[in-house]
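We have chain A; now place chain B onto it with these hints.
There are 2 protein chains.
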Amino acid sequence: MLSGHGDDTYKYKDIRINFSSNVYNHFCHDGLYAHLASRMDCIRNYPPPTPFELEKEIASLHGISPDEVIVTNGATEAIYLIAQAFSEYTSQILQPTFTEYEDACRLYGHEIGDGCWVLGDSGQQYRINAESQSRKENKNSASSRLSVPKTSHQHPSPNTYQLIWLCNPNNPTGQVIPKPILESAIASHPDTIFIIDESYAPFTMQPLVSTSMSGAKNVLLLHSMTKEFAIPGLRLGYITGSAALLSRVRKCRMPWAVNQLAIEAAHYLLAHKSDYTLDLPALMAERERMARELSDIDGVTVYPSDTHILLCRIEGTTAAKLKDYLVNNYGILIRDASNFRGLDEHYFRIAVQTPEEDNQLLNILKEWRN
Amino acid sequence: MLSGHGDDTYKYKDIRINFSSNVYNHFCHDGLYAHLASRMDCIRNYPPPTPFELEKEIASLHGISPDEVIVTNGATEAIYLIAQAFSEYTSQILQPTFTEYEDACRLYGHEIGDGCWVLGDSGQQYRINAESQSRKENKNSASSRLSVPKTSHQHPSPNTYQLIWLCNPNNPTGQVIPKPILESAIASHPDTIFIIDESYAPFTMQPLVSTSMSGAKNVLLLHSMTKEFAIPGLRLGYITGSAALLSRVRKCRMPWAVNQLAIEAAHYLLAHKSDYTLDLPALMAERERMARELSDIDGVTVYPSDTHILLCRIEGTTAAKLKDYLVNNYGILIRDASNFRGLDEHYFRIAVQTPEEDNQLLNILKEWRN
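Protein chains in written order, with our numbering: chain A, -5 to 364; chain B, -5 to 364.
In isolation and in its complexed conformation, chain A is listed as follows (with noise of 0.2 angstroms):
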C-alpha cells in the first residue's frame, strides 16, 4: 500500500458533502441497519472459513457456478489475490487507474507495463497494447500520456504481456472501453489475462463485459458490493470468472477473511436489491450537468466520463490547495488526484452528488474564481 486515496474523511471533522469518495452515498440504509442489529450475535462465533455459501447466493443470481465466484474483503482484497497468485508475471496496467493494481502488482514482483486512458479525445480514449515494452519512469508526466495512441490488435507474442489489468468504468476518469473493443481485444489475446475491475459498474449506462460472456477462460471481473450498496465500511467485493484461473487464486486466501456482518449484509442486500436502485439517467443527467456548469469556469477542464465521477483539472492553483480550501472552510471533500500515475498536482476528481450539494460547490468554485 504505496499511495493516497479518496474518501480520506477520517483526517477531518465535520465534512458536510463528500465528493471525495465514489461511493454513491443516497441510499436509505434503514432497513440494513435494523437487520444488522437484530444479527449482532453473529460476533460471536467465526465466520466460516471462506463464505460459501454467499458464493453459492452470488453464483445462482449471475446463472455461473460457485467455483466461478471468490468472495473478498472488499474487492482490494480480490486485486491482492490476483496478484499473489500471478506472482511474478508481467502486467499492463491501463494508467491514470485506481493505485492498488500496481501496489499489489509491485509487491507480487510483477514486471509492470502502462497502457494509457486518453484524457479528452473522444476518438481513441484508451489505449489496451498487450505487447510488453520497457516502463518509463515518468511518474508525472500527463503530457506522454495524452498523445494519441494506436490501439493495438495484434497477436500475441514472445513478449506479451501475461495479465492486463484495467479498470471499466475506469477510476479517476470515468470512462468506459466500447463493449466490442474490450471482447475483441480479449479474444484476440487468449494467452493473455485480463484483469476487469468492474467496482463502477452500477454507474454507467454502457454495456460492459457480463459476467456470463466472461465464460472465456481469460477474464476475471472484479465487483464490489461496498460500491453498489454504498457500504465501504464492511468491505465487501467478489471476483467472477474461470474456475480455472480462480482456483489459482482460491489457493493464496486466508480462512476468515471476511467478516460475519459483512456476511450478514450481503445476504439482506440481496435479497433487498430493489431498495437499492439508482435512477441512472438522472444521476447521468445530473453528471452532465455538473460537467458543463464546471467546464464554463475559468480555468476548469472537464474530462468524458460515462459515471458520476468526473476528473477535472484546473489551472493557477493545486488541487491540494483547492481541497484545503474547501475542507477548511465549507466542511466539502474532494479528490486531490495528482498521485495518480500520468496526472499532475492540477487533476481532482468529484463524485457527482444531489443537485442541491452539486450547486453548492459550483457556487463556491464559481466565487472563489471571481
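If you're looking for bench data, these hints aren't it; they were derived computationally from the structure.
Careful, some of the hints might be misleading.
Since copy identity is lost for identical chains, a pair holds within one copy or between any two.
[As the list claims (entries may be wrong)] Cross-link-like lysine-lysine pairs, in silico, DSS-like; alpha carbons within 25 angstroms at most:
{"#": "1", "residue 1": "K211", "residue 2": "K173"}
{"#": "2", "residue 1": "K50", "residue 2": "K7"}
{"#": "3", "residue 1": "K315", "residue 2": "K50"}
{"#": "4", "residue 1": "K7", "residue 2": "K211"}
{"#": "5", "residue 1": "K5", "residue 2": "K245"}
{"#": "6", "residue 1": "K245", "residue 2": "K211"}
{"#": "7", "residue 1": "K267", "residue 2": "K50"}
{"#": "8", "residue 1": "K5", "residue 2": "K50"}
{"#": "9", "residue 1": "K267", "residue 2": "K7"}
{"#": "10", "residue 1": "K50", "residue 2": "K173"}
{"#": "11", "residue 1": "K360", "residue 2": "K173"}
{"#": "12", "residue 1": "K5", "residue 2": "K211"}
{"#": "13", "residue 1": "K315", "residue 2": "K7"}
{"#": "14", "residue 1": "K360", "residue 2": "K245"}
{"#": "15", "residue 1": "K315", "residue 2": "K360"}
{"#": "16", "residue 1": "K211", "residue 2": "K50"}
{"#": "17", "residue 1": "K50", "residue 2": "K245"}
{"#": "18", "residue 1": "K315", "residue 2": "K267"}
{"#": "19", "residue 1": "K315", "residue 2": "K5"}
These numbers were taken from a predicted model, which means no experiment stands behind them.
Coordinates of chain B only, in the frame set by chain A:
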C-alpha cells in the same frame, strides 16, 4: 488455507453448547451491541487505509510506540503478513499447534521444520530447537513427536532457523512454555525471529513474554482481540514487537483490511475493558475439575493444560464419530483435533464452559461409555 478448523457452527443447525471454539462465550455484549448499533452509519465511509488511531491507542495501552503495533484483520492476517514479509525463510513450527502458521509458511515458500510440544510429560513439555533439520513428512505419526527431546540452547549456526513460530499458550494443548526458558531461548538466538502467538494470553495465569519485555529485537507477539473479547465474527488482532521487523511487515499490508465496525468495536472494548474481566481462578479451577472428571472416564486421556482448553484422546472410537454423536443427539459441538500435525484420529479438543454446561458433556460421555 489447507486444513479444517474448530468453531464450525456454520455447518450445523441448533448447536446448544459450543465446546469447539477457544473463544470464551460468556461475556455480556449488550453494551457493545448498543454501541455498534448507534455507530452503524460508519459503514457508509471507508475505514482509514490502516487503522492508525487504533494502533496509537493500543501502543499507549502497552507503553510502546505506534510503530511497534500493527492492527490486523484478525490475528490470522498477522500470521499471513509475517509469513509474507519473510518469504522463503526457514521456519520452525512447534507442533502440534494452530495449523495456520504452517499454511501461511507454505504459501510463502518457507522451508519448514517441526519442533514439538510433548504431550503429557510434565518435565519437558516442548522443544525449541533453533537448529535446522530436514522435515520428516510423517504427518500423523504422533509417536515420533512424543519422545522426550532435548531443549537446545546452542549458538546460532548457518543452519539456524530464521523464524520460530510458537503459540503460547498453545492451541490445542493449552500448555505454556515457562517464561525463563522462552526468554533464554530468545536471548541466546538473537538471529532467530521468535513469532509468539499470545492469542490465549487472557486465559492463563502463567507468566508470559510481555509486550514491554519484547523490546528484544527478535520478537513479534501476536494478540487476538477476537479471543480476548469474544468477537471472532468481527476479525480483530494485532502484532507488537520490534519496529524494524514490523516496518517490513507493514510493506505487505493492503489498505482497508480492517473493517470499520471492528475498529469501532475495538475503541469501545478498550474503553470498557472492566466489563470483560474473567474470573480466571474460577475458570482454571473448573478446568481442573473438568480434566479430572474427564480422565476418570474409561478410555479418555486428558493432557495437561495451563488454559481453559483441554486436549483429550479417546480410545475405542474416533474423535470424528464422537463429534457426530454429540452434535446429532445433543446439539453439542467439540473440536475433532485429528488434523493437527502429529495428532491422530483419536484426539479432540474442548474449551471449558460453565459448570452446568460442562456437566452435561461429562454426563453424556459417562453414559455413552457405559
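Tested hints:
In this assembly of identical chains, the alpha carbons of K211 and K173 lie at most 25 angstroms apart only when taken from the same copy (17 angstroms versus 55 angstroms across copies). For the identical chains of this complex, K50 and K7 are inter-copy neighbours only, at 19 angstroms across copies versus 41 angstroms inside a copy, given an alpha-carbon limit of 25 angstroms. In this homomeric assembly, K315 and K50 never come within 25 angstroms of each other (Cα to Cα): the closest approach is 48 angstroms inside a single copy and 29 angstroms across copies. Taking the shortest Cα distances, K7 and K211 never come within 25 angstroms of each other, neither inside one copy (47 angstroms) nor across copies (38 angstroms).
In this assembly of identical chains, K5 and K245 lie within 25 angstroms of each other by CA distance solely across copies; the values are 22 angstroms between and 36 angstroms within a copy. Taking the closest pair of Cα atoms, K245 and K211 come within 25 angstroms of each other only inside a single copy of the chain (18 angstroms); across copies the shortest separation is 32 angstroms, beyond that limit. Taking the closest pair of Cα atoms, K267 and K50 come within 25 angstroms of each other only inside a single copy of the chain (17 angstroms); across copies the shortest separation is 39 angstroms, beyond that limit. Taking identical chains as interchangeable, the C-alpha atoms of K5 and K50 lie at most 25 angstroms apart only when they sit on different chains, with a minimum of 15 angstroms there against 38 angstroms within one chain.
In this assembly of identical chains, the alpha carbons of K267 and K7 never lie at most 25 angstroms apart, being 32 angstroms within a copy and 27 angstroms across copies at closest. Taking CA atoms no more than 25 angstroms apart as the test, K50 paired with K173 passes in neither setting, with 28 angstroms inside one copy and 47 angstroms between copies. In this assembly of identical chains, K360 and K173 lie within 25 angstroms of each other by CA distance neither inside one copy nor across copies; the values are 37 angstroms within and 68 angstroms between. Within a single copy, K5 and K211 get their C-alpha atoms no closer than 43 angstroms, and across copies no closer than 32 angstroms, so neither meets the 25 angstroms cut-off.
Taking CA atoms no more than 25 angstroms apart as the test, K315 paired with K7 passes inside one copy only; the shortest distance there is 18 angstroms, against 57 angstroms between copies. In this assembly of identical chains, K360 and K245 lie within 25 angstroms of each other by CA distance neither inside one copy nor across copies; the values are 53 angstroms within and 42 angstroms between. Taking CA atoms no more than 25 angstroms apart as the test, K315 paired with K360 passes inside one copy only; the shortest distance there is 16 angstroms, against 75 angstroms between copies. In the homo-oligomer, the alpha carbons of K211 and K50 lie at most 25 angstroms apart inside one protomer (20 angstroms), although the nearest pairing across protomers, at 46 angstroms, exceeds that limit.
In this homomeric assembly, K50 and K245 come within 25 angstroms of each other (Cα to Cα) only inside a single copy, at 18 angstroms, whereas the closest approach across copies is 34 angstroms. For the homomeric pair K315 and K267, neither the shortest alpha-carbon distance inside one copy (40 angstroms) nor that between copies (43 angstroms) is at most 25 angstroms. In this assembly of identical chains, K315 and K5 lie within 25 angstroms of each other by CA distance solely inside one copy; the values are 16 angstroms within and 54 angstroms between copies.
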